[in-house]
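A.B. asks: Residue numbers (numbering that gives the first Met the number 0), protein chains in the order written: chain A, 0 to 78; chain B, 0 to 228.
Don't read these hints as lab results, they were simulated from the structure.
Where is the CB? At the ideal position from N, CA and C, for every residue including glycine.
Hints are not guaranteed to be accurate.
[Unchecked claim] Partial list, derived from the structure: chain B residues whose beta carbon lies under 10 Å from chain A:
id	residue
1	ILE61
2	ARG103
3	ASN104
4	GLN107
5	ASP122
6	LYS145
7	VAL147
8	CYS148
9	PRO151
10	LEU211
[To be verified] Straight line, CA to CA, 20 Å or less: simulated EDC-like cross-link-like pairs of lysine to aspartate or glutamate:
id	chain 1	residue 1	chain 2	residue 2
11	A	LYS19	B	ASP105
12	A	LYS10	A	GLU50
13	A	LYS62	B	ASP149
14	A	LYS10	B	GLU29
Here is how the chains run, residue by residue.
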Amino acid sequence: MARVKVTVTLKPALLDSQGKVVQSALTQLGYEGVDGVRIGKYVELTVPDSENIDAQVKEMCEKLLSNPVIEDYQFEVIR
Amino acid sequence: MKFGVIKFPGSNCDQDAYYTIKDVLGQPVEYLWHQDTDLKGADCIVVPGGFSYGDYLRCGAIARFSPIMSAVQDFAANGGYVLGVCNGFQVLCESHLLPGALVRNDNQHFICKQVYLRAENTDTPFTNQIDNGATLQIPIAHGEGKYVCDEPTLKALQENRRILFRYARPDGSLSDQANPNGSVDNIAGVANETFNVFGLMPHPERAADPALGSADGRLIFDSLLRHTR
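Bound conformation, chain B alone:
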């Protein structure tokens, strides 16, 4: 499976994603420049974390209008797989590829730490290698990671099982204390209606190598590989 990792000015997790895909998963991967429209034959586009265009105006607001994103929108509409991490999640929301928006963390702090995520739907292209109800240990690093959406959207996400991960305690139980940023319904990651676009605030690419303290994030990439095999 060939991956493409987008580089915006300000992306800073592009190399982490590249490393995980190439060296940990052993899959072909190429960087995609934000001003290009050529996806280089990639089967999955990774929109990495960072601060695209300095996060000026709003996180992801400027990146949405870069030439590569119009190509990604067409690609997603045709069923192509798109994974957005952290700033990438923000870019996907701004692009209307995913619903809702990310706002400032409730506590106003930039938070960088390991958190636990409960897998809520393990029957998707991005989660099929995760045991039902399992918790993954994956780090977050964000200042604006509070997921918000209106009531009808939240209801649609819940009813269609499009919330793929919620922030939870290590034992998988939900609590406000386990919610690092105040996200509605403890949401850490959501998918689009057709489950080929997935965005999450935590960084699975930073938790895919045991040397980094957790390899749980690898399960998300493994799921994608399994799904497309």
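Chain A on its own, in the form it takes in the complex:
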């Protein structure tokens, strides 16, 4: 079995309103100069290990885990 860590984030062109609110909260707490706060999703999976694991996870990401219209994804396979 292999562990897969998937991160899904809103595309850079889209306003991340959650990130914006968190950014202003950080500024209020006195952390000056904090910029570019983006909030995403983190998904962990355990999948059967195989040679085409990358292609398989890519398919999962594009089919369900992310919406390519609004989101980007990255993943890391840990064997």
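Assemble chain B onto chain A, guided by the hints.
C.D. replies: Structure of chain B alone, referenced to chain A:
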């Protein structure tokens, strides 16, 4: 005209839709269970509002893969009428029956209030009973209702008059203030290329009975009935 209202786990506007169709419009209607694939001979499928599958992962993302939605996709491809409201709009976008996606409202709030919609194309199965340029008063209730799409998609929607409603002031003029969620181009509802699939964030089924403060939403259902008569 027979209607089918889908029930997903988490649907909560299914009964509103059922009530409007049965009691206000006097049309036959049946519930359709998300795990079934039988559309029970319906001429129009309503994908209602709510929080299908808890809106886990993304609004509408899980519902898209329920058995009933593959039947709805075939039905739509064959010209069947599909109306998606609120979460139903999100489900239709996730299903690629409509373009674009719905994301978190700009102001981060769940917004529940009456808004005004300007009818942008009154020559469609869903809008033919609406006067040209008329504004309808219909409520919204959503946290993730900001419509977004890429530039080429927006251009195609504009050029083919597939934007059926925009958020507007009561007098019909457009402004950023009248846009409750930050939707691109004030978009409240869009249709597919063949105008048999229509999704919108506001709830026409909650504004179809004068007892509820507005009956403007009824015009959308009346249009469909007129079109198929």
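A.B. asks: Now tell me if each hint is right for this structure.
C.D. replies: Structure-based check of each hint:
1. ILE61: 8 Å, holds
2. ARG103: 5 Å, holds
3. ASN104: Holds, about 7 Å.
4. GLN107: Holds: closest Cβ of chain A sits about 5 Å from B/GLN107, inside 10 Å.
5. ASP122: Given a least distance of 28 Å, the restraint on B/ASP122 is violated.
6. LYS145: Holds, because the Cβ-Cβ distance from B/LYS145 to chain A comes to roughly 8 Å (cut-off 10 Å).
7. VAL147: 6 Å, holds
8. CYS148: 7 Å, holds
9. PRO151: With a closest approach of 12 Å, the B/PRO151 hint is violated.
10. LEU211: B/LEU211 check fails; min Cβ-Cβ to chain A is 30 Å, beyond 10 Å.
11. A/LYS19 with B/ASP105: 10 Å, holds
12. A/LYS10 with A/GLU50: With Cα atoms ~29 Å apart, A/LYS10 and A/GLU50 exceed 20 Å; violated.
13. A/LYS62 with B/ASP149: Answer holds: A/LYS62 to B/ASP149 is near 19 Å, not above 20 Å.
14. A/LYS10 with B/GLU29: Measuring from Cα to Cα gives roughly 40 Å; hence the hint is violated.
Checked against the numbered hints given earlier, the structure breaks hints 5, 9, 10, 12 and 14 and satisfies all the rest.
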